[in-house]
Each structure stands twice: as C-alpha cells, then as structure tokens.
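Novice: Chain by chain, the residues:
2 protein chains.
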Amino acid sequence: MTLHSSSVPSLGAFLFDYLYKEKNIHHAFGIPGDFALSTFRWLEQSHIELITMTHEPSVGFAADSYARVNGLGLACVTYCVGGLNMINSVACAYAEKSPVIVLSGGPSVNDRRNDPLLHHKVKTFDTQRRIYEEVTCANTVLLDAKTAVSEIMRVVETVQAECRPGYIEIPYDIVDLPVIMPAYIPQVIAPESDVEALNDFIKEVTDTINTAKQPVIIADIELQRHGLTDKVLEIATKFNIPIAATLLSKSIISETHPLYIGVYSGGLSEAATQQYVEESDCVLMLGTFITDVFLGQYTAHLDRKKSIVVTTEKATIGLHAYNNIRFDDFLDSLRNAPICRKEPFINPCPAIDITPLMPAEYDDPINAEDFFKILSLHIGADCTVVCDTGDSLLGAIGLRTSKHKNFLSDAYYLSMGFAVPAAIGALAGNKTGRVFAIVGDGAFQMTGMELSTAVKYKMAPIVLILNNDGYGTQRHIIDGQFNVITMWDYTKVTDVIRSGFSARATTKKQLQDALVKATYSNEIAVIEVVIPRDSCSPSLRKMGEQLGKLRRNEEKHE
Amino acid sequence: MTLHSSSVPSLGAFLFDYLYKEKNIHHAFGIPGDFALSTFRWLEQSHIELITMTHEPSVGFAADSYARVNGLGLACVTYCVGGLNMINSVACAYAEKSPVIVLSGGPSVNDRRNDPLLHHKVKTFDTQRRIYEEVTCANTVLLDAKTAVSEIMRVVETVQAECRPGYIEIPYDIVDLPVIMPAYIPQVIAPESDVEALNDFIKEVTDTINTAKQPVIIADIELQRHGLTDKVLEIATKFNIPIAATLLSKSIISETHPLYIGVYSGGLSEAATQQYVEESDCVLMLGTFITDVFLGQYTAHLDRKKSIVVTTEKATIGLHAYNNIRFDDFLDSLRNAPICRKEPFINPCPAIDITPLMPAEYDDPINAEDFFKILSLHIGADCTVVCDTGDSLLGAIGLRTSKHKNFLSDAYYLSMGFAVPAAIGALAGNKTGRVFAIVGDGAFQMTGMELSTAVKYKMAPIVLILNNDGYGTQRHIIDGQFNVITMWDYTKVTDVIRSGFSARATTKKQLQDALVKATYSNEIAVIEVVIPRDSCSPSLRKMGEQLGKLRRNEEKHE
Chain H
1457 MTLHSSSVPS
1467 LGAFLFDYLY
1477 KEKNIHHAFG
1487 IPGDFALSTF
1497 RWLEQSHIEL
1507 ITMTHEPSVG
1517 FAADSYARVN
1527 GLGLACVTYC
1537 VGGLNMINSV
1547 ACAYAEKSPV
1557 IVLSGGPSVN
1567 DRRNDPLLHH
1577 KVKTFDTQRR
1587 IYEEVTCANT
1597 VLLDAKTAVS
1607 EIMRVVETVQ
1617 AECRPGYIEI
1627 PYDIVDLPVI
1637 MPAYIPQVIA
1647 PESDVEALND
1657 FIKEVTDTIN
1667 TAKQPVIIAD
1677 IELQRHGLTD
1687 KVLEIATKFN
1697 IPIAATLLSK
1707 SIISETHPLY
1717 IGVYSGGLSE
1727 AATQQYVEES
1737 DCVLMLGTFI
1747 TDVFLGQYTA
1757 HLDRKKSIVV
1767 TTEKATIGLH
1777 AYNNIRFDDF
1787 LDSLRNAPIC
1797 RKEPFINPCP
1807 AIDITPLMPA
1817 EYDDPINAED
1827 FFKILSLHIG
1837 ADCTVVCDTG
1847 DSLLGAIGLR
1857 TSKHKNFLSD
1867 AYYLSMGFAV
1877 PAAIGALAGN
1887 KTGRVFAIVG
1897 DGAFQMTGME
1907 LSTAVKYKMA
1917 PIVLILNNDG
1927 YGTQRHIIDG
1937 QFNVITMWDY
1947 TKVTDVIRSG
1957 FSARATTKKQ
1967 LQDALVKATY
1977 SNEIAVIEVV
1987 IPRDSCSPSL
1997 RKMGEQLGKL
2007 RRNEEKHE
Chain R
1457 MTLHSSSVPS
1467 LGAFLFDYLY
1477 KEKNIHHAFG
1487 IPGDFALSTF
1497 RWLEQSHIEL
1507 ITMTHEPSVG
1517 FAADSYARVN
1527 GLGLACVTYC
1537 VGGLNMINSV
1547 ACAYAEKSPV
1557 IVLSGGPSVN
1567 DRRNDPLLHH
1577 KVKTFDTQRR
1587 IYEEVTCANT
1597 VLLDAKTAVS
1607 EIMRVVETVQ
1617 AECRPGYIEI
1627 PYDIVDLPVI
1637 MPAYIPQVIA
1647 PESDVEALND
1657 FIKEVTDTIN
1667 TAKQPVIIAD
1677 IELQRHGLTD
1687 KVLEIATKFN
1697 IPIAATLLSK
1707 SIISETHPLY
1717 IGVYSGGLSE
1727 AATQQYVEES
1737 DCVLMLGTFI
1747 TDVFLGQYTA
1757 HLDRKKSIVV
1767 TTEKATIGLH
1777 AYNNIRFDDF
1787 LDSLRNAPIC
1797 RKEPFINPCP
1807 AIDITPLMPA
1817 EYDDPINAED
1827 FFKILSLHIG
1837 ADCTVVCDTG
1847 DSLLGAIGLR
1857 TSKHKNFLSD
1867 AYYLSMGFAV
1877 PAAIGALAGN
1887 KTGRVFAIVG
1897 DGAFQMTGME
1907 LSTAVKYKMA
1917 PIVLILNNDG
1927 YGTQRHIIDG
1937 QFNVITMWDY
1947 TKVTDVIRSG
1957 FSARATTKKQ
1967 LQDALVKATY
1977 SNEIAVIEVV
1987 IPRDSCSPSL
1997 RKMGEQLGKL
2007 RRNEEKHE
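So the protein lines, in turn, are chains H and R.
This note's numbering runs 1456 ahead of the 1-based position in the first sequence.
This note's numbering runs 1456 ahead of the 1-based position in the second sequence.
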C-alpha cells in the first residue's frame, strides 16, 4: 500500500498539514481506537507531535489547556467509547470558551447502511454527533470526500471565530481518499458594527468615564480568548485606569503590573480588591462572564447603574443596551475616545510582599493560606500555575504570578480533575518554564495518574496535592460520609509510574525543602501537602457558607 | 431544620424508600457535588448503602455491573461535571441493555430563571438532559414536586420494561419538599401479542425444529436481562436442544451444563463450537444482538434461511418476519408446542479438561492462552469473572465458569476500563464468592485506581493485569507509536492505596503461586501477568486480522 501514491493529498495528509501550517497546531492529544487508527496513522506521519494519554477525560483537559496557551487545541479519539468519554472535558471547554477541535474516528459510510449493530454504537450511528452538538459550536461527519475539505474548514473557522469547541467525525475509510479542494473556501465573517450605535455608545461611555472618580476595568476571559487583551491594556495605560482580573481570567495581564489590583470575585476577593471595585462609580466589565463564581456566589455588591458591560455578545451601560456592536470595534473606538487621563492612583492591593519563612515557623503545620504564601516564594518568572477546583483555586486568589497567561484553571465550569492533565497540555504548549499543578486529594484521585503521560514525553510538572482528607469544599456545604475518600499514599505514585521524586510535607519547612528540591531538579515532582482537615482559605470558607445556605435549603425549612 | 417534620415524606425520603423497597436496590454508586449534596444526604439516611467512588466513568460501570447482577442499578452524580463525565458508561449500559437509573443533582427552578451563568452550566440548563436523552430510554427533570412521584415512577418503570438506562434530574431544592402521591400510578404495559400471528409462527418454528437434524439454540443477552433464561433452559432440556452462548451472554447458563456447547462468535469461537453451530440446519437465536462481535467481525457462516431470530423487537424465520409477537409469549408457546424430543447428542465441546501445571512448565513464560488455562484451575464454583476489552475478553472464550450469571463484560460496546469498576459493582451485588477482574495494561491505566474504592468498602477483588506492553489488540490492526504506553510498576499500586498484596508473574509457576495466595487470602490482590509482547489468543489474532483488513482499507488501496 502506498499512501502517497498521488500528487493529490489524501484527506489525512491534507487535514494535519492544514492544522499544522495554517492553524499553528503543533501538538495533538489523544487515545487511539480501531475506528480511529487510520486517522492516527496520518497524524503520526504529520508534523504535529502526537501525545497519547491514558484516559479520555484527560485528553480533553489537555487539549483545552493547550488551546488556552496556544490559541487552538486538538483532541483525537475513537468513536463513542473514546469521544463520549471526553464529553465532560469538551463541555468545560465550551463553557469557558476554549477553542478545541475534536477529531473522532467513525464507522464507514458503508458500515452505516441498514443500521447494523456495530461495536461502540449506542442508539444510532448519529448518537455521538448529536451529543457533541450540545457541547460544540460546529460539527460535521465527513461522509463524502468531495465536501470534506470545505466541511473541515467550516468547522475549524467557526471554532476560531467563536472560541468554542468543534467536532469532526472521520469515517475510517475516508481518511485515505484523495481530497478535492473546494472552489469556495468557507470563511466566517462577523457582521459589521452599527456605526451610529457604536458612536452613541462610545460617547456615553466616554462621558461616564470622564465624570467618574474611581473607574475600574474588570478584564475577563473573552479578551484573552479573542486576542483583545493588548487593546485593553493599552486603554488602561493610556487613561490610567486600574485593572482587576477574575478567577477565570487571572493572569490575563502580568500580576505585577502597577495597574493590576487583583482578582475580583465578590466577597471571595481580597478585601482591598473587593472594596476598590465595589466603591467604583464606573465598573467597565470587558469580556466578562457574569457568573455565580464571578459574583462570589452572590456576595458581590455591584451597582448595575454604575456598570458598563461589553462582550462579544452584548454592550450595555447602566440599564440600557446597544445592539450590533462588535467587541473589537468598541475597543478600537474607546482607545481613541476623548477620555481624560486619570490622576495617578495608589494601588490598594499591590503585589504581595514576599516574606521568607522564619525559623520559628519551620515546624508549624501547613494551613491552606500558608501554603500559597510559601508557594509564591518558589514560582519563578517563567513558571505556569494550573489549579484544580476547590481550595486549589480559591486559595490561589492571593497568589501573584509574574507573567501573563501563566495561570490556568476551569474557574467557571469547576470540573474536578482538571489540573494534572491540563499541566500536560500547558507543558506541550509552552516549552519554557516549569508547570505547577495544584490539586486537591479528591481531584488527584480522578485524573492524577495521568502523570504517566508526563513520563512518556519527558515532561516534568511539579504536582502539589493538597491533602485535607476528603472533599474539603463540600464539607463546608453539607457534610456526610460521602465526603470521605480513601487515604492514598501519594508519595508512592512515582513508584507506580517509575519516574520522578516524591515528598510528603506536614510542616512548613518540609514544604519549603520539597519545593526547593523540585524546582532545582528537572524531573517530575509529586509533593503531598498535608493540610489540617479543618483548614481552608477564607475565600473557600465564605463560598462554602454561601453555597451551604442555598443547598441546605435553610431559608425554607428553618 | 427538621427533615422529618411531617408525616408526608419528603421527595428524598420517598425516592430512596421506593427504590429500596419496591425495586430491590440495596446499593448505590456515586460521587457527590454541590448540586447533589441535598440528594446525597437523603441517600445516606436511607436503607440503601451508598458506595462513593473516585471518578464518574467508574461510577457508571459499577452501577451497570450491579444492574447485570441484581436486576437494577443506581448511579448518583452531580450536575454536568458529574453526569457528563459518566456518559460513556451509561452509553455502554444502553448499548448492552443494562437497566441503570441515573440520578443527577441540578439547579433549582429559581436558579434557571433568566438563564444566568451558573457554574457547571454548558449551553443551557437543559444541556445535560438533552445529552442523556441520547443514551437513555426515559428522562425527566423534577421541576415540580406535585408531579415528581409520577415522573420518577414513569422513568423507573420504563427502565425496567426496556432494560435500558433512565435519567432523573433532581433540582437541589425540591428534594426536601413533601411529595404528593399521585392518584394514578404510571405503569408500562407491553402490548399484547397478535395471537393468530403467534400461532402461525409457532407452527412454522415447530415444523422447522421437528424436521431439523441438528437444531441449536443461541441464548443471548436479552434473555438474561428480561428474566427469560429459565424458560429457554426448560425448552432446551425438554426437547434436548444444545445451547451456545455469545460473548455478551457468556455464563447465561452454567457452563458445565451438559447441553452447553460454548461461546459462539463466528470465526473467533472454539473450532468445535463454530462447526456445530454453522453446520446446524436450524439455529434458534433467542434474544440475540446480531452484532459484528457476535459475527466474529464477519467471519461467521450462518445461513439466514436456516435461522430463527426472536427478540423483544422482532420475530423472523428464514427470510420472513412476523409482527406483534411478544418474546415471553413466544417462549411460553414454544415450551408447549408439539416438538419431538431430539436424540441424545454427544457434546462436541464439553467443559475443558483441567490439567494441573506440570513441573516441566514451571519456568515457561505465560502466553495468553496459558494464562486462561492456569486461571481456570483457580476459579471456584462461587466466583465471578469480570473481563475488560481485548484479550482479557477474547482469551476468555474458552474459560469455563461453573455458575451462571458469573461472567461479566461489555462484549458489544467494548469500552476499555470496564473491569475494575465493574468488579466493585459485582462485589456489592453478590456478596458470596471472590470476584476476578481480568484487564489489559492499557485498560488498567484508565480506571484501575478505582481499587481505592475496594479499600474503602473492604472488598477484596483479585485483579489480573495482562501486561503485554501497550495496546495489544490495536497492534494487530494498525501499529504505531500510539500503541505504546508507559510501563507502570503495577505491583506498587497496592502501596498507593495502602491495602492488599501484589505480585508480578513472569512464569507459569509464579502465576500459579500468586493465584493460590490470592484465593487463600481475603484481601485485595493485584497480580501483574507479564505476557510476551507478541503473544495473544487465537481469537484475538483472528479478530485483529479481520479488523486490520477493514481499517487499513487494503481492499481499496492495494
């Protein structure tokens, strides 16, 4: 068999060449299966480096994380048993606007005739596509080589334009066929702004900012996803307006920038950040997802009348909205608007003073707050921090990283098990600097063994397992035996994967020593950080209390 | 807060009482999350024993396996991050007709107003229900306490009638409300048979069997799921007709029964079984899924004109079909039909002679075939065998267990990672006897750490990891670097979970010693069985060759 027998490329050759050359995808994450093997063969022969993992939920998280770092991610799996096992991770990417392309193997056109019972099939041959329709912005099944190229381009272009996942199902027999280049290349063109509306809106925003005493920008995740962060940073710098991030957009600008005032998340924020934002008479929410997490589970005190919200989907000021305004047009116009530069401001929440550990504290147990303080002493300028759900995330609110785009977490969708596989994705996408994964014990038990993949590809993440003996976040909401998990010996994980070093830290000095060893070595590090069972960050305690009130239905029953 | 403040039960109290008392569900499998915590609290207070696991894909497999053993399974998860992470396992249960009830927490009715961005939400609040619609036979979101009871009953009754999974989403605030018992209890009544058609069909079947020289019954999975196995066994015994099982229904009757001739799966079968079935002039396929696995990837030689197929969905003889015939009515009528008892037959494939290991073989490496021969020496009468996909399954074709309903595998859907979590489900459903999980190295890396749950609930599965250094099945189809996995030290897994004993067997004697130790102890055993890289069962080799021809598209390209 000669796969390159003709000058017309096969579908497989075209697909991966297109993704590599046109779309800058240099890594793919996947697990093969029989319906996908012919596609995997083409992938292996392409310029794209294939990273095969152990379990599909991890494949999705790794591709998502790579997309956050690189701009576009690629996950390759087999039909149903692979693709359906990744739905949750792709749902996470959808919810948080991460552009991941899912390639799935599939039965051949001929296989699908008369609807026989072929292994991996659920209800119909269309089941997987229908399910993916619920978690993607575009989808296709390449049943015809003649239209395959334009279908691929349609999905990939839509994924890029909307920053949401897309789904391409590839019947195993079509991937070797020669492709036909379409006469018409599909393009996704965003509609133009309503110029009159834009001008009116800009005028109103300009007046509001000019009369405001304490304007503030909340720079959220859409800016990063759509490549608009630099425009906002320019606006902020030009007019001297401070910037807050959200949990979802944390590190959108360097956290040591003089205008940066920290992460806003309602009552979960650091006190000075919350106070500055909530006392502002003009809150510019740019690209903001107004989620319950952003609102600190409804502990936020933001006055709608003093808010301006502009995203890819809407433009509002106070209680009224303007239609048909493109986000990028708005930012371009705002940059050139006649806004007076604000007075120099004194940053109420500058980058945290880093105090080295004192000998008197050496033997202290490590509470959740101390953990992040000690960690911050060891995060270098080029490091990336990936946080899982729970105190791994909420405790990190006060952590300041020094580069931008070096903090990753699923801070809205909040699926446990994100951090370790996402660290693999980040390591692939960002070859310089160490990657720290911070993960609770419960979340580590979900996907932590994915460290196996780091061994295979000679990656060296530093994994910090915050072991507080069970589902700590949930204990604050409703407690029961269901929050108890088996106590693993996490230091033995490196024995199983036969690589890396491990340590257990129960005192601050032990944590410091382990971090020093980890950062000076170039191998995988697994550090179990023993956190007292009742210790948690103030943010987590507040969130737990708020959610507890809701989930225990106390208002109704007491 | 008093949860039992009134004589009218709350929804939570009613639900679990109903499932325990009316539906014989004594165990539930789950992982809590904030939207589900109020439901978990009711579950923990009920008579049902809750088994909390580490990762949702495992929860689904455990509940599925419990359903196969017990008749009905229960999985409890949280909204989206839990439920969507279990879709693949529920799809497996759908494909293989395993009646699993999925309970998911969800946002409150009030939360859903104005469609805000609440954590865990994907596209809309209905996303998870819509996705579950693709893998269940009935679904509901309990938005109204007044209709909740009848909705629950409708879903559960449908699950039982169709032997497919069902989905019930429980907003967190509704579970504490008092229920209203409906005046009308929904019942799922199957339509009655067309009596004239049934009589004609029975007459034709009777004539065919009476004139046949070598009739054979293929007793497949629907018989077991719908509780019809005993009727078929009675028919077979009364008329002296031999019975073959399929990979999916293996152990549907005791594999030591004198009429039992082994597993039929086309060219993957043992030679004598294949020959007997394919030479038959009347093959009665009862409850059979005519899948590509059943057909041995199209290596089967079955003459449609000599086949009678009766399932819950159809009734055909030769090339024509009868409509509106209930499967149970057919079996009842067949039992009383004027069929002449067949001559005594000599079983061409009796239970395998068990030959003890000879000292001369002690130091031999363990090839895939030998493994199953040695294993069969150690499987007691009350043991259960759970097989994962690959040679763990195909190699087990020749393995004879002695009890019925003690072989479990996902032999049609073929999702890797089934065996270890399914062993947990089987141990919960069947307290007597040891449970052996046979799993490949690739599949173990997916879900094997679920052994953690066995520690928590003091279960003692014996896990046999067939380590052939990568994705062995796929190497036979298309090979590449993508079939390589990290070589774990599987014997260290027991160190991580801090329980059980482990062994590595590279020779036959070491395997025997490890099996003796495992069966005489009462703790978790993890035995790594080192299989030479190029060794596989004849069935796997045949299947790999067949699939390889298809997947490499050789017909078209060579």
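Treat the hints with caution; some may be incorrect.
If several chains are the same, the list does not tell them apart, and a pair holds so long as it fits within one copy or across any two.
Distance condition first, Cα-Cα at most 20 Å in a straight line; then the derived PhoX-like pairs of lysine-lysine [what the hints assert, rightly or not]:
1. Lys1948 - Lys1659
2. Lys1694 - Lys1479
3. Lys1861 - Lys1669
4. Lys1762 - Lys1669
5. Lys1859 - Lys1948
6. Lys1770 - Lys1579
7. Lys1861 - Lys1602
8. Lys1798 - Lys1859
9. Lys1829 - Lys1602
Rather than coming from a laboratory, the hints here were simulated on the basis of the structure.
Novice: Taking the hints in turn, state whether each one holds.
Specialist: Verification of the hints:
no.	hint	in the structure
1	Lys1948 - Lys1659	neither (62 Å within a copy, 67 Å between copies)
2	Lys1694 - Lys1479	neither (33 Å within a copy, 68 Å between copies)
3	Lys1861 - Lys1669	neither (30 Å within a copy, 75 Å between copies)
4	Lys1762 - Lys1669	within (12 Å within a copy, 89 Å between copies)
5	Lys1859 - Lys1948	neither (33 Å within a copy, 39 Å between copies)
6	Lys1770 - Lys1579	between (39 Å within a copy, 17 Å between copies)
7	Lys1861 - Lys1602	neither (40 Å within a copy, 50 Å between copies)
8	Lys1798 - Lys1859	neither (26 Å within a copy, 82 Å between copies)
9	Lys1829 - Lys1602	neither (58 Å within a copy, 52 Å between copies)
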